[in-house]
Amino acid sequence: MARTADPTTHRLPLTSLLHEPLISITLDKGQQVYQPGQTVRGEYQIDAVEPADIRAVELSVLWYTEGKGEEDFAVHYFERLTAGDMLATGLHELRRFQTELPNSPLSYEGVVVKIRWCVRVRVFLNNGKDGVAERAFQLGEVPYAQAVLP
Amino acid sequence: MKVTAVQPPAIRGGFCPPQNPFATRFVRPGAMPFLFSPPIDREALVAKLAELQWRGAIVGPHGSGKSTLLAELLPELNRVGRRVVQFTLHDGERRLPIALSDRALSDAQTIIVVDGYEQLNAASRRTLDRHCRRYATGLLVTSHEPTHLAQLYQTAVDCELMETIVDLLTRGDRRFVSATDVERAYCLHGQNAREALFSLYDLHERRWRELHERL
Numbered sequence: 001m002a003r004t005a006d007p008t009t010h011r012l013p014l015t016s017l018l019h020e021p022l023i024s025i026t027l028d029k030g031q032q033v034y035q036p037g038q039t040v041r042g043e044y045q046i047d048a049v050e051p052a053d054i055r056a057v058e059l060s061v062l063w064y065t066e067g068k069g070e071e072d073f074a075v076h077y078f079e080r081l082t083a084g085d086m087l088a089t090g091l092h093e094l095r096r097f098q099t100e101l102p103n104s105p106l107s108y109e110g111v112v113v114k115i116r117w118c119v120r121v122r123v124f125l126n127n128g129k130d131g132v133a134e135r136a137f138q139l140g141e142v143p144y145a146q147a148v149l150p
Numbered sequence: 001m002k003v004t005a006v007q008p009p010a011i012r013g014g015f016c017p018p019q020n021p022f023a024t025r026f027v028r029p030g031a032m033p034f035l036f037s038p039p040i041d042r043e044a045l046v047a048k049l050a051e052l053q054w055r056g057a058i059v060g061p062h063g064s065g066k067s068t069l070l071a072e073l074l075p076e077l078n079r080v081g082r083r084v085v086q087f088t089l090h091d092g093e094r095r096l097p098i099a100l101s102d103r104a105l106s107d108a109q110t111i112i113v114v115d116g117y118e119q120l121n122a123a124s125r126r127t128l129d130r131h132c133r134r135y136a137t138g139l140l141v142t143s144h145e146p147t148h149l150a151q152l153y154q155t156a157v158d159c160e161l162m163e164t165i166v167d168l169l170t171r172g173d174r175r176f177v178s179a180t181d182v183e184r185a186y187c188l189h190g191q192n193a194r195e196a197l198f199s200l201y202d203l204h205e206r207r208w209r210e211l212h213e214r215l
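Protein chains in written order, with this note's numbering: chain A, 1 to 150; chain B, 1 to 215.
Isolated chain A, as found in the complex (with noise of 0.2 angstroms):
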């Protein structure tokens, strides 16, 4: 599950916590650290909610800053699944996704910007409303930068 209290899960923002549908992702093998070229596999699953209220399913993979200034961010892999696309399928299905990581940005975790990787997968609804799930993953092993601060 993507949205638990597990300090390796990312957090959301707290709007995105609200009206969501219950959105599963899980990487093959609960990997949680990838090198550059490697494939991340892993599968979703989203619950919770009527397949008629479903507008779009999207799945990406991507990176972000996190920090104290300006965000960034970058979509390496992405997926679009319709309404239609998931009646056809049905909606409690598991579904499966893989794509080959590339060489950078690797994971950060500096002091005042880090670089998150994470799988992220949408959930929009048709009242407009939408529900966000991530699952966290590491790419490369850059050491942590140690905190000088006052």
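Hints listed in this document are in silico derivations from the structure and should not be mistaken for laboratory results.
Check each hint, because a few of them may be wrong.
Said to hold, decoys possible - Among chain A residues calculated to face chain B with C-beta under 8 angstroms, some are:
1) Lys68
2) Gly69
3) Asp72
4) Gln146
Positions of the beta carbon are idealized from the N, C-alpha and C atoms, including for glycine.
Please arrange chain B on chain A, whose structure you already have, making use of the hints.
This is chain B only, laid out in the frame that chain A set:
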């Protein structure tokens, strides 16, 4: 989740870095809910703005939640049929970045939202005001100081509110930031919750690394 993968060298004892709940990602307007003082809520505030003929100001010091409140109100404005055109002004932006002759800004269903109204020079404010009156266009602004517009809401931060915000952001996980830390940040930054949260960001970074070193 049980971590079964090979850990990177910097992780010892299975320690995974906790996410910093004070990062921009979580504290920026739109990510963090605005905490109203009951009985006021966003619906009531938009109703009050309607009573004010869609002309009002959100007033409060730096970092006290004006933009966060705006982000909370915008969906509600859309819901009640207002077409929102928003401008966010930064230091030194003395004019709106669009000509007011633009048709998109000239009808009674539209509400022009200016975040950082105090940046506009006097001439730009007068022009904007005249334009809005002429076309019955709404005008909602945020400002550090009272304006000629009726005050819709005054944002303010006290130590108790800071504590509530921190509890919300950390989801009760107070391993790295204590109530004393929050009080100290509030005393240091006063009404500027944004700066106080950024100082807690630094503290969080230092504390988890200290823990990591001990493991």
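Outcome of the hint check:
1. Lys68: At 5 angstroms from the nearest chain B Cβ, Lys68 of chain A passes the 8 angstroms test, so the hint holds.
2. Gly69: Since chain B brings a Cβ to about 7 angstroms from Gly69 of chain A, closer than 8 angstroms, the hint holds.
3. Asp72: Interface hint status for Asp72 of chain A: violated (11 angstroms vs cutoff 8 angstroms).
4. Gln146: 7 angstroms, holds
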